[in-house]
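Given the structure of chain C, go ahead and fit chain W onto it with the hints provided.
2 protein chains.
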Amino acid sequence: MSDLIQMGEQAVAAKYKLQCLSTELKNQALQVAADLLVERANYILDENAKDIQRGKENGMPEGLLDRLKLTKDRIDGIAEGLLQVKALPDPVGKVLETFERPNGLYIEKVSVPMGVIGIIYESRPNVTADAFGLCFKSGNAVILKGGSDAICSNIAIVTVLRDALKQCEIDENAVQLIEDTDRAVTKEFMKMKEYVNVLIPRGGAGLIRSVVENSSIPVIETGTGNCHIYVDKDADLEMAVTIIFNAKTQRIGVCNACESLVIHEAIKDRFLPMLAKKLSEKNVEMRGDKEACDVLDSMVPATEEDFGKEYLDYILSVKTVKNVEEAITHINRYNTGHSESVITENKAVADQFLAQVDAACVYVNASTRFTDGFEFGFGAEIGISTQMLHARGPMGLRELNTYKYTIRGNGQVRG
Amino acid sequence: MSDLIQMGEQAVAAKYKLQCLSTELKNQALQVAADLLVERANYILDENAKDIQRGKENGMPEGLLDRLKLTKDRIDGIAEGLLQVKALPDPVGKVLETFERPNGLYIEKVSVPMGVIGIIYESRPNVTADAFGLCFKSGNAVILKGGSDAICSNIAIVTVLRDALKQCEIDENAVQLIEDTDRAVTKEFMKMKEYVNVLIPRGGAGLIRSVVENSSIPVIETGTGNCHIYVDKDADLEMAVTIIFNAKTQRIGVCNACESLVIHEAIKDRFLPMLAKKLSEKNVEMRGDKEACDVLDSMVPATEEDFGKEYLDYILSVKTVKNVEEAITHINRYNTGHSESVITENKAVADQFLAQVDAACVYVNASTRFTDGFEFGFGAEIGISTQMLHARGPMGLRELNTYKYTIRGNGQVRG
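Protein sequences appear in the order of chains C and W. With our numbering applied, the first sequence covers 647 to 1061. With our numbering applied, the second sequence covers 647 to 1061.
Just chain C, same shape as in the assembly (with noise of 0.2 angstroms):
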């Protein structure tokens, strides 16, 4: 038996127990893990300064150290962490609707874990115990693959958080990681179908493409936004100077970020000198289409590429439309389904954005920054989610729960 399909099976063994968990027994187990991450601290930093010392080793860019590294106060953010999703409500076993049929049969339909939840994600180790926490706390086993480059400091988290559960006399695969970082296997994990219920891909775009095209467990799909915020003739320009300001600098590097503004042409001369002003404090990059670029000398040529990337940089895509309708058009054209905003006083044109903008989160008047766990007031998440099954936008632990019928009769059967 390989190890992954043992891995399986033990997972698929702690899911039983953990649906049947009390939320008092998960609590203290939280706290537990939580004290013991900050108690050993020193195992945890000295095994991230391997990982540290390979990186550097490996050339591995200042940036991505500093995800990779960790330090006191990063562990005593994690542990932190635990203790948030210790304060949220229990998402299992609520019921959602009750209803009776007329031969009686009585039906309810209750929250229920998924079971057993796979997360693929890239170097940050605080993922390690994030996902634990979500996944553990909405009763579910969860199996993890993280990066190589932070192999050792994974392993020594999943090691406090596995012996917390000893302590709470839980089943510690709870929590299993594949340490094995080969290629092929994160392509055989895909494939666990029989014992992985879902598959939860956190990072970059091409892990989260590598995932979609090569599962084939049900995956969930997160995180690529290429969000626009519409400024229409109607809209406060003062306030569409500071919302794109927010939305595009804030933090460049994060899905929610504003990558495009579209722009009615019938401000444009008035608007995108404002604009630009403030974004040159960032020295942001401003790319338009020729509409545009009559406007501004510094506006640089948009090709039709830019229209549908992601920067993640210090760059804005401009389109000039001629009315809200040609702005949905293109925003459905090149959206990835995260989050998009309208910047207007015009009640009838946001009113028509909202209904037929196609996105998780559509906005009116506000920073595309908001589409996050915390800031919906869900507590924490375990990402966005960019696809129409399941869950849309910011994934709690409530998304972290399916539900079951269960149905109570009297000895009906069916004519």
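Heads up, some of the hints might be wrong.
[Claimed, not checked] Derived CB-CB ranges, DEER-like:
id, chain 1, residue 1, chain 2, residue 2, range
1, C, E670, W, I651, 52 to 60 angstroms
2, C, R1044, W, G739, 46 to 54 angstroms
3, C, K968, W, L710, 50 to 58 angstroms
4, W, T949, C, K718, 56 to 64 angstroms
5, C, K740, W, T669, 45 to 53 angstroms
No lab work stands behind these hints: they were computed from the structure. The C-beta atom is built at its ideal place from N, Cα and C for all residues, glycine as well.
Leaving out everything else, chain W in the frame of chain C:
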């Protein structure tokens, strides 16, 4: 541009129009479609006769020929199905939740269509109109890929449906049929992630497996049902006989039929003869483990394979257990996540079974045959989901929608 890509683009263009259609117009179109199907029944029957003729030439078995065959009555039934869908409430645009954040953002969670739904199905031509009706009423465009056996019938039905849409001035690309019956085209279709939001296979286990393994479009897995009934030591044995007879024999080829009996050892000596007598009315073969074989001479010894098998035939496997825990473990190991039932007068046993059996529908004292959109009161169904993501169990109109968040602000930016 290949035909498939063109169909994909046409479906995407249609979906944006469909999501804005009024309930009235959708209902009108369903009425016109129902009327036209009846009015042009002779055209459909002529085309169906070509499929039947070809089927006979190819030596198609009687049972399949019967599923393929249309009659005036069956066409009336298909039209009636569209009118039933017309009568159901429109699932689109329901406000599912509202919440306000401390920063003043007002968030609504609203039901919206999926977009473009792909349906891959086998030989029954009635699915063509059924699937259209459900997808259309729920605001989705649909691309159908039917079996090659029914190609002439399917073309005829889709021609009539598209004519009905045209009469109502609705984009007829709301429904399209892939007419090329080459298997390579089906494989290409399953990769059209850019155009198709969800893929639903309807048919046998082989078809469903092929779709799950080859699709890069998110799939809703439907249909396979290895359903168990556990007869507890505290069961009303007369009731148990009646329920098992119904679940096993009322219709053998369906996914919610009972395939396996799990029986408490304390009552096997009394119960198995009672059950065998009743099942002999339909010549049901029983295949049991050693303990069951010891009771009845007529019992055929079961192999390990029997317990994992969806017979769809007059065969029932029999497994003996010591208690409800062992019953649950056995069922969770062999079931397909469809429908499971316990027969017991003991409330604690019933509650434990409902809580711990992992399936879409878990019953107490009722036949598994009730897992069905009509029986649940959903009015119609597109299939029975056996996966964890999105929907579980019977899927009606509501399950063909997803949601989006609309967020209204007044200038909020993220700090």
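| Any of the earlier hints contradicted here, and which numbers? | 2, 5
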